[in-house]
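The whole structure should be built from the sequences, with the hints applied where relevant.
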Amino acid sequence: MSRVLKKRSKKAGLSPGALTYVGDKEDKKVRITIVHYNSRDYEEEDKTALNDCLGLVAADRITWVNINGLHRPEVMSQLGSCLKMHPLILEDLMNTDQQPKLEEGRDHLFVVIKMLDCHDAARNIQVEQLSLVLGPTYLITLHEQEADPFTPVRERLKNSQSRLRQSGPDYLAYCLLDVIVDRYFVILEQLGEAIETLEEEVVTNPTQKTLQSLHQLKRTLLIFRKAVWPLREIVSRLERRDSPLLREDTAPFFRDVYDHVFQVIDTIETFREMLAGLLDIYLSSISNRLNEIMKVLTIIATIFIPLTFVAGVYGMNFQYMPELRWRWGYFAVLFGMLLIAAVMLLYFRKKKWLGG
Amino acid sequence: MSRVLKKRSKKAGLSPGALTYVGDKEDKKVRITIVHYNSRDYEEEDKTALNDCLGLVAADRITWVNINGLHRPEVMSQLGSCLKMHPLILEDLMNTDQQPKLEEGRDHLFVVIKMLDCHDAARNIQVEQLSLVLGPTYLITLHEQEADPFTPVRERLKNSQSRLRQSGPDYLAYCLLDVIVDRYFVILEQLGEAIETLEEEVVTNPTQKTLQSLHQLKRTLLIFRKAVWPLREIVSRLERRDSPLLREDTAPFFRDVYDHVFQVIDTIETFREMLAGLLDIYLSSISNRLNEIMKVLTIIATIFIPLTFVAGVYGMNFQYMPELRWRWGYFAVLFGMLLIAAVMLLYFRKKKWLGG
Amino acid sequence: MSRVLKKRSKKAGLSPGALTYVGDKEDKKVRITIVHYNSRDYEEEDKTALNDCLGLVAADRITWVNINGLHRPEVMSQLGSCLKMHPLILEDLMNTDQQPKLEEGRDHLFVVIKMLDCHDAARNIQVEQLSLVLGPTYLITLHEQEADPFTPVRERLKNSQSRLRQSGPDYLAYCLLDVIVDRYFVILEQLGEAIETLEEEVVTNPTQKTLQSLHQLKRTLLIFRKAVWPLREIVSRLERRDSPLLREDTAPFFRDVYDHVFQVIDTIETFREMLAGLLDIYLSSISNRLNEIMKVLTIIATIFIPLTFVAGVYGMNFQYMPELRWRWGYFAVLFGMLLIAAVMLLYFRKKKWLGG
Amino acid sequence: MSRVLKKRSKKAGLSPGALTYVGDKEDKKVRITIVHYNSRDYEEEDKTALNDCLGLVAADRITWVNINGLHRPEVMSQLGSCLKMHPLILEDLMNTDQQPKLEEGRDHLFVVIKMLDCHDAARNIQVEQLSLVLGPTYLITLHEQEADPFTPVRERLKNSQSRLRQSGPDYLAYCLLDVIVDRYFVILEQLGEAIETLEEEVVTNPTQKTLQSLHQLKRTLLIFRKAVWPLREIVSRLERRDSPLLREDTAPFFRDVYDHVFQVIDTIETFREMLAGLLDIYLSSISNRLNEIMKVLTIIATIFIPLTFVAGVYGMNFQYMPELRWRWGYFAVLFGMLLIAAVMLLYFRKKKWLGG
Amino acid sequence: MSRVLKKRSKKAGLSPGALTYVGDKEDKKVRITIVHYNSRDYEEEDKTALNDCLGLVAADRITWVNINGLHRPEVMSQLGSCLKMHPLILEDLMNTDQQPKLEEGRDHLFVVIKMLDCHDAARNIQVEQLSLVLGPTYLITLHEQEADPFTPVRERLKNSQSRLRQSGPDYLAYCLLDVIVDRYFVILEQLGEAIETLEEEVVTNPTQKTLQSLHQLKRTLLIFRKAVWPLREIVSRLERRDSPLLREDTAPFFRDVYDHVFQVIDTIETFREMLAGLLDIYLSSISNRLNEIMKVLTIIATIFIPLTFVAGVYGMNFQYMPELRWRWGYFAVLFGMLLIAAVMLLYFRKKKWLGG
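Residue numbers (our numbering), protein chains in the order written: chain H, 1 to 356; chain W, 1 to 356; chain E, 1 to 356; chain L, 1 to 356; chain B, 1 to 356.
Mixed in with the good hints, there may be bad ones.
Which copy is meant is left open, so a pair is good if it fits within one copy or across any two.
In silico DSSO-like cross-links for lysine-lysine, where the CA-CA straight-line distance does not exceed 30 Å [to be verified]:
| id | residue 1 | residue 2 |
| --- | --- | --- |
| 1 | Lys84 | Lys351 |
| 2 | Lys351 | Lys209 |
| 3 | Lys350 | Lys209 |
| 4 | Lys47 | Lys352 |
| 5 | Lys47 | Lys209 |
| 6 | Lys158 | Lys47 |
| 7 | Lys84 | Lys101 |
| 8 | Lys29 | Lys158 |
| 9 | Lys101 | Lys47 |
| 10 | Lys84 | Lys47 |
| 11 | Lys84 | Lys29 |
The hints are simulated quantities; they were obtained by calculation from the structure and are not laboratory data.
Following this line, the structure appears as structure tokens:
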């Protein structure tokens with residue numbers, strides 16, 4: 001269940017604004033990557049702590065601070081004081097169990113979205129939170145994942161001819177969003193294949209395990225939808241440029257992301273309907289199988305029970321049973337039995353119970 | 001059913017504004033705790049009755065009156081006359097069977113919300129009503145619960161450095177709301193664990209009891225949702241500051257509560273969908289089990305009924321049955337029976353009925 | 001079905017505005033009760049016909065005309081000409097098969113609502129139509145019911161100190177509405193108890209009759225919802241005071257009724273969901289029962305069919321069957337049978353079919 | 001399926017505005033009835049073709065042209081050129097497979113609605129399209145039906161005192177609409193009775209035929225809903241008087257029709273829910289019946305299989321079987337069998353399988 | 001699954017605006033058909049590449065460029081630079097896995113819709129993307145399909161008297177849309193017939209294959225709906241003339257298309273409900289069949305098991321069994337058996353198990 005709900009109860013009773021990390025406490029170091037760039041220069045440095053605000057933000061260049069690991073309150077509070085963030089937003093940054101949302105501060109936008117990752121989407125989907133703080137000249141990204149999902153963006157950033165270098169931090173934010181949404185499509189494809197496999201299994205050989213896979217997929221889609229649904233509203237607000245931090249020529253790009261998010265949601269819904277259809281087929285396959293079993297039982301029992309009765313009759317020990325003494329009695333009875341069986345079989349063929 | 005609907009019928013026919021308590025009449029005393037505080041002072045007193053309005057409300061300090069027990073009309077009417085409340089709001093205060101709601105009076109806000117409490121959320125959820133009356137310099141809270149859920153807030157209030165002491169009664173109201181919503185998360189976790197347990201049970205060993213737990217959980221979620229759903233609208237209105245009683249710098253805090261309430265509702269919906277999925281699995285598990293039982297019956301019957309017939313044939317007492325006199329007749333028949341059984345078993349193996 | 005739809009077809013083909021009563025024509029007399037009151041005086045008279053408009057409406061006092069029985073077109077048309085009502089509204093007054101609605105005339109409001117009555121709500125719910133015509137100084141109420149549901153209001157009206165005597169006809173209308181909505185709660189309680197009873201029955205001893213009760217309850221809720229649902233919109237419009245006929249200080253009272261109506265609707269929805277849940281349990285209880293029956297059959301058949309086969313084998317009449325001549329053959333076979341039965345029982349115990 | 005969708009494909013590939021009739025081509029003549037009236041005069045003439053526009057429309061009197069049969073393009077195009085209608089509206093007039101809709105032309109309103117007709121509503125519902133073209137002084141009605149549904153309106157029109165004669169063509173349009181909606185109620189009643197019949201059948205004697213009736217009713221309701229649903233929006237727009245062609249004093253009449261349409265839709269939804277409930281009962285009745293069958297089988301088999309086994313044991317031919325030689329062995333065994341049967345019956349009584 | 005989701009993952013990680021074709025790379029040539037026309041002239045040329053922008057667009061005539069095959073990025077980028085399109089729109093043009101949408105550029109409209117094609121709609125539905133770029137004097141259409149669906153439009157275009165030649169490119173766009181929507185009706189008819197066939201099959205002879213057809217149809221409708229649903233919004237926006245590129249006298253034509261799209265969607269929903277109903281019938285047919293099988297088994301077993309028992313009793317070898325020596329014992333027993341069988345049959349007739 002941990003995937004649906006994290007241990008929020010840790011926080012019950014604490015005063016609002018207290019910085020508490022609700023994920024699993026780990027010994028991993030915090031990794032901070034700071035990139036400064038403008039159309040001419042590109043500079044990158046790696047840190048493990050944030051000692052002062054010096055050089056963190058400058059007017060003539062764009063700064064992208066990527067913080068990998070959220071479990072160290074001191075890093076967060078340092079960051080908060082450097083950027084003058086509201087304590088509740090700081091609290092939100094550390095709380096990895098949030099709904100995706102967009103909040104407007106005085107001079108920054110705060111966006112929480114979910115990154116999805118999986119090796120085997122049908123079985124197991126990991127939800128990671130990515131928080132973005134977008135300021136006039138900076139972008140802060142925070143997440144827990146060890147692997148850096150943004151390497152391709154960083155590569156493009158190194159190329160001084162790329163649009164990224166000519167644009168503001170809102171375009172950088174768009175690029176990161178785009179990477180995340182593109183990943184959703186990869187997961188959708190995996191899920192689509194899993195559904196296709198299930199579809200065959202349900203028809204050819206449905207077992208209790210099939211049902212569990214079906215249920216697992218349904219749950220994965222539930223989690224997926226929960227993660228993606230609010231994104232539509234967020235990206236729509238980004239596109240409508242609610243804030244002066246978003247430039248006019250970035251809007252079409254957010255519009256593009258919006259279309260993609262919409263398509264992801266639409267496909268999730270389609271998948272959900274397909275799964276519901278598969279469940280119906282599964283249930284009726286089980287019923288069909290029961291019918292088949294019952295048919296076999298009924299055919300066997302209906303043929304042999306009367307025959308056994310006839311045999312029983314002639315097995316009775318009455319002293320006066322004329323048939324027993326007939327010369328061809330035994331063969332007549334055998335023939336009669338054959339006849340009964342044949343009539344039964346014809347009846348079943350008429351009922352289409354044979355060969356079905 | 002009492003949890004869904006209280007004995008409202010007691011009130012049928014009474015004139016509007018009549019003060020009637022719809023809960024169980026109990027002998028418990030009413031406990032009134034009055035806290036006066038401002039940024040310098042903190043004063044707390046306990047009472048069992050409200051004799052006059054003297055000192056109840058003052059301009060230079062904030063007063064928090066917590067009334068524990070609603071069954072005494074005289075306390076209510078005294079309070080009403082001190083604060084000049086509309087008779088219908090007074091009636092609402094005593095009626096513990098209300099929907100959560102927010103009402104604006106001339107110089108106070110009246111909020112009704114539901115506190116949830118449980119030792120074992122999956123089985124039994126207690127819904128308690130908390131009424132808040134927020135005035136310019138006072139906050140009245142009324143509830144029935146014996147235990148005081150607000151002890152941690154009171155502790156923070158004693159600390160003169162806390163934000164609570166610097167802020168108005170709206171911030172105090174926020175803190176109480178926050179405590180209640182944090183409790184919702186504790187219950188959600190308990191429910192999440194109960195669902196997880198059920199999930200395993202449904203797959204491994206579904207019994208009629210499993211179904212009852214499932215139904216119980218569904219009902220608890222129904223009650224939970226009924227209690228939380230209207231809260232979203234209420235907190236949203238608090239955040240939009242419909243009233244001058246709400247200060248501007250408290251708005252982000254209500255925004256935070258709003259996000260939490262939204263997440264609670266979202267998780268409840270997710271849980272409901274998961275339960276619906278579990279019911280499907282449960283039903284198909286029962287069908288599977290029936291199939292398994294039928295398979296055993298069919299295998300046994302189908303093998304032995306023909307054999308019994310053969311035995312019956314050679315138990316017939318015809319005088320002329322040549323096989324009976326053959327030297328190896330008996331063993332030939334035994335061998336034939338073995339052959340029939342083997343063929344049957346092969347057929348069942350082909351049908352994959354064995355080993356299932 | 002008559003409860004869902006009355007004999008509307010009587011009206012097909014008639015010209016609009018024709019006064020036709022769609023209920024059952026009865027010989028009952030029409031009973032007209034006219035109450036005149038203001039803060040000083042109270043006067044009440046009973047009539048069986050409405051001969052002229054004299055004294056029906058006066059500026060210095062409030063007149064409440066309660067007409068009991070709608071089947072006499074001449075009373076209606078007399079009333080219509082006294083109050084100058086639109087012919088379509090007159091037609092609506094006589095048509096007892098309407099949706100609840102609120103219509104604004106030039107100088108009156110026309111409200112249609114449904115009164116519910118029942119002795120045994122789970123089985124049988126009577127829907128009666130109450131029409132109210134609210135004018136500047138008068139209130140006309142029309143209904144079919146023989147019993148007068150408004151006796152308590154009339155009692156309060158006799159008390160010259162009551163708020164009713166100080167207020168206008170809109171407050172009187174509110175009081176009548178309040179009486180009707182309070183009755184809804186009584187019915188809700190009856191339904192709640194019926195559901196509780198069903199809940200136990202479904203789990204302990206579900207029969208075909210249980211299903212019919214369930215269906216009956218579902219249908220009652222359907223009718224209930226149909227009657228109450230439009231009321232929400234109506235009371236909401238009354239509260240927002242769309243018309244000058246509604247005074248400002250009556251608004252909070254309509255707000256109160258609105259809350260109650262909302263709660264009724266909400267509880268109906270909750271009941272509907274609970275019934276849906278009960279149906280699921282009922283269906284799976286039947287499946288469980290089938291499983292139990294099949295288990296008994298399978299256990300008995302699986303144990304005795306092989307044993308009977310063995311007995312059959314030694315009942316064969318072959319001349320050469322060595323076992324038959326053994327001294328302890330019979331007992332050996334009996335012992336072998338016992339062994340087979342024991343093995344079967346152990347298998348069933350492993351499958352958990354025994355004791356279930 | 002023809003009832004859900006007509007042969008629209010005939011039109012695929014034709015240029016827009018081409019006049020093609022999608023219904024079944026028939027040899028029936030077109031019948032044109034032209035009525036001219038004002039408050040003084042009434043004139044009626046029957047034609048089979050529309051040769052010129054002379055006298056079709058005049059300022060001092062109202063003209064109602066009723067065209068019965070849509071399959072003659074030349075009549076349509078003549079009409080179109082007389083009234084200067086848009087070619088697309090002309091195309092719509094001939095296309096009898098449209099959704100109900102309201103379209104505003106420069107100086108006329110174009111309304112498409114569905115007339116429903118049936119002898120046995122539960123089985124077979126005929127949907128006919130009625131098109132109305134409402135101009136300043138004229139009303140054109142077009143439909144396919146042979147029978148004239150508007151005879152009562154025509155009768156009223158002949159009465160020079162009737163409201164119809166004093167009012168404009170919009171009131172005439174209202175009267176026709178009213179006739180059609182009144183017919184809906186007749187059909188609703190038939191459906192209501194069919195559901196009532198089904199309700200009894202489902203409980204007392206559900207067969208495969210019951211299910212088919214249920215399905216048939218569901219489908220009829222689907223078609224009914226499809227025909228009526230858009231009418232609500234249309235009548236609502238007529239009532240709000242979007243067009244100068246609608247006079248102010250006709251609005252309350254359209255309001256009345258709106259209420260009726262609303263009630264029709266509401267009742268359809270109620271019927272749909274009742275049918276869904278009936279399906280549940282039907283399915284569980286089948287399950288119950290299966291349970292009953294299985295109970296009989298289990299009781300018989302469980303009693304006699306052990307007894308047969310006992311008989312089989314004493315039918316064995318062992319040479320040494322002491323019981324066989326006892327004097328009362330046979331009777332002891334018979335008594336033992338009786339005992340076994342009695343124990344079984346007691347067990348079944350405990351399980352409540354008997355008498356159920 | 002490929003029909004629900006194309007290989008979007010190819011694009012993950014690419015920079016935005018990169019021109020990548022997500023369909024199957026094929027060796028087919030790109031076919032470009034350029035038509036220039038105005039009210040006097042008509043000129044048509046075929047190309048396989050787009051070398052320069054010369055003569056592509058001119059003010060005094062309308063140009064329709066139809067590009068058949070999207071897999072060549074160089075053609076797209078050439079087109080983009082000729083018409084100065086946003087790189088994201090160019091990217092969208094090549095991406096054949098999009099939701100239908102309408103986007104407004106500075107001086108052109110960009111519309112994506114889905115063409116549906118099928119030989120056997122019930123089984124297999126092909127979704128092709130059609131992109132339209134509508135400029136002041138030009139219309140560009142892009143699709144992948146080999147066959148040209150627009151031949152009839154081209155024929156009409158050659159006729160200098162046709163409305164097409166007198167109107168702008170928006171009317172041309174309307175004509176193409178109309179062709180596509182008309183095709184939807186053809187598919188609807190095929191689906192309608194498939195449902196009709198299924199309807200009979202479900203009632204008369206439901207097999208596992210019926211269920212698969214049902215599922216297949218459901219899925220086809222899912223894909224159909226996904227393709228058509230967004231079209232409603234698009235055509236509605238075209239009708240409301242959001243852009244100066246749409247002339248006023250084209251609006252009624254788009255209104256007509258809107259009505260058709262609405263009808264398509266409505267019919268899809270009706271079909272979906274009918275399929276859901278068919279599934280219910282299918283499931284209950286299976287249950288009925290199981291009941292029938294069980295009835296046969298129960299009748300046979302219930303009649304013969306007791307008889308066999310009786311035969312077994314008289315097959316016992318007790319030395320003292322008086323009946324065995326009676327003269328008419330055998331016939332008495334036979335008669336008794338007949339009696340038992342008759343009683344059983346009467347019981348079954350009473351239960352209505354025979355002849356069902």
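Going through the hints against the structure:
In this assembly of identical chains, Lys84 and Lys351 lie within 30 Å of each other by CA distance neither inside one copy nor across copies; the values are 81 Å within and 66 Å between. In this assembly of identical chains, Lys351 and Lys209 lie within 30 Å of each other by CA distance solely across copies; the values are 18 Å between and 33 Å within a copy. Only between protomers do Lys350 and Lys209 lie at most 30 Å apart by alpha-carbon distance; the minimum there is 20 Å, versus 36 Å within a single protomer. Neither within a single protomer nor between protomers do Lys47 and Lys352 lie at most 30 Å apart by alpha-carbon distance, with minima of 77 Å and 61 Å respectively.
In this assembly of identical chains, Lys47 and Lys209 lie within 30 Å of each other by CA distance neither inside one copy nor across copies; the values are 48 Å within and 56 Å between. Within a single copy, Lys158 and Lys47 get their C-alpha atoms as close as 19 Å, which meets the 30 Å cut-off; across copies the closest is 41 Å, which misses it. Only within a single protomer do Lys84 and Lys101 lie at most 30 Å apart by alpha-carbon distance; the minimum there is 20 Å, versus 36 Å between protomers. In this assembly of identical chains, Lys29 and Lys158 lie within 30 Å of each other by CA distance solely inside one copy; the values are 26 Å within and 38 Å between copies.
Within a single copy, Lys101 and Lys47 get their C-alpha atoms as close as 28 Å, which meets the 30 Å cut-off; across copies the closest is 45 Å, which misses it. Proximity of Lys84 to Lys47 under the C-alpha cut-off of 30 Å is restricted to the intra-copy arrangement: shortest distance 21 Å within a copy versus 45 Å between copies. In this assembly of identical chains, Lys84 and Lys29 lie within 30 Å of each other by CA distance solely inside one copy; the values are 25 Å within and 50 Å between copies.
In this structure, the hints that do not hold are numbers 1, 4 and 5, in rising order.
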